[in-house]
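One-letter residues, chain by chain:
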Amino acid sequence: MDLGPHAFFIVASYATTALILAALIFKAVLDHRAQVRALAELEARGVTRRSQDASADLRPQPSALHVPGSG
Amino acid sequence: MWSLANPTRFMALSGRLLPWLGFAAALVLAAGLSLAWFLAPADYQQGETVRIMFLHVPAAWLALFFYLVMAVSAVGTLAWRHPLADVSQKAAVPIGAALTLICLVTGALWGRPMWGAYWVWDARLTSMLVLFLMYCGILALWRTIEEPSRAARAVSILTLIGVVNLPVIKFSVDWWNTLHQPASVLRLGGPTIHPSMLYPLLVMALGFALLGLTLHLAGMRTEVLSRRVRTLAILEAERLDRQAA
Chain A
54 MDLGPHAFFI VASYATTALI LAALIFKAVL DHRAQVRALA ELEARGVTRR SQDASADLRP
114 QPSALHVPGS G
Chain B
1029 MWSLANPTRF MALSGRLLPW LGFAAALVLA AGLSLAWFLA PADYQQGETV RIMFLHVPAA
1089 WLALFFYLVM AVSAVGTLAW RHPLADVSQK AAVPIGAALT LICLVTGALW GRPMWGAYWV
1149 WDARLTSMLV LFLMYCGILA LWRTIEEPSR AARAVSILTL IGVVNLPVIK FSVDWWNTLH
1209 QPASVLRLGG PTIHPSMLYP LLVMALGFAL LGLTLHLAGM RTEVLSRRVR TLAILEAERL
1269 DRQAA
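Just so you know, the protein sequences line up as chains A and B, in that order. Going by our numbering, the first residue of the first sequence is number 54, and it counts up by one from there. Going by our numbering, the first residue of the second sequence is number 1029, and it counts up by one from there.
Certain hints may be false.
[Stated by the list, open to error] DEER-style ranges, computed between Cβ atoms: (1) A:55 with B:1203: 37 to 47 Å; (2) A:76 with B:1070: 27 to 37 Å; (3) A:94 with B:1237: 31 to 41 Å; (4) A:90 with B:1157: 13 to 23 Å.
[Said to hold, decoys possible] Partial chain A-side listing against chain B, Cβ under 7 Å, derived: (5) 83; (6) 84; (7) 85.
Simulated from the structure, these hints should not be mistaken for laboratory data. Keep in mind that this is a model prediction, so the values were computed, not measured. All C-beta atoms, glycine included, are put in the ideal place defined by N, C-alpha and C.
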């Protein structure tokens, strides 16, 4: 396919888009794996929630404690 | 609908839905790219550079759409304090920022051969740059405040202030004399693009939307997990504290 005199701009557009979307997907996968791993480690240490309802995790928590890697 | 917004139900439902959504996104994007490259003709004025439109326009539409998602979620956070509303807000930020970046970069690469410049301080371009800066600011604010529900309230206010920019982006080409072309798809009189270019564009937009939705659901699931990790870590720290005392 002949892209004409502006081939560089067309190819660069598609390459940049592919790169940004790939980075977004890659970051999403890495973040998810990190949280699954952190959760598994905590559960392996025997830490359990008072309630098994997931909505309990979304309620306000004390802010005094910093939890590395939890966002 | 409200019961589906329960985090436990959301995790179960989204876990089942996610692989299918991802598959559909890949399929529709592949179809869209085939149409954009092999069916859509070169433009009589712009030549082959018109193929940049199939990335630039869907990215622009969805950059605005994800800001709207954040704004609706912000209302959910401030008015109802719904547990999933701030999770949805946070998950939408990187997707919106990435799509705005794609829109700006592809726009610059399209502008250079057509206008003779990568960038001009045109109303449409500048308001899109403001949108990107808003996304970056919101991302920074999420990281600044440690407690998620406090961060969500601050981010909600900032997000709702930024909504003012959305009509400015949409109507900038009508309100001011700009180098950017006026609306040619989403306009009152109907699209002005020939169907041979319009259909591939709509298929690409659907593909981008499905990919965005997949990433949004995945991001929300990660955020729910992250808050579960936070809760457990706090419980463990409390237990260790009690033992030490």
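Going through the hints against the structure:
1. A:55 with B:1203: 37 to 47 Å: Taking Cβ atoms as reference, residue 55 of chain A and residue 1203 of chain B lie about 40 Å apart, which means the hint holds.
2. A:76 with B:1070: 27 to 37 Å: holds (30 Å)
3. A:94 with B:1237: 31 to 41 Å: Given about 36 Å between the Cβ atoms, the range holds.
4. A:90 with B:1157: 13 to 23 Å: violated (38 Å)
5. 83: violated (10 Å)
6. 84: holds (5 Å)
7. 85: Since chain B brings a Cβ to about 5 Å from residue 85 of chain A, closer than 7 Å, the hint holds.
Hint compliance for this structure: hints 4 and 5 are not met, and every other hint is.
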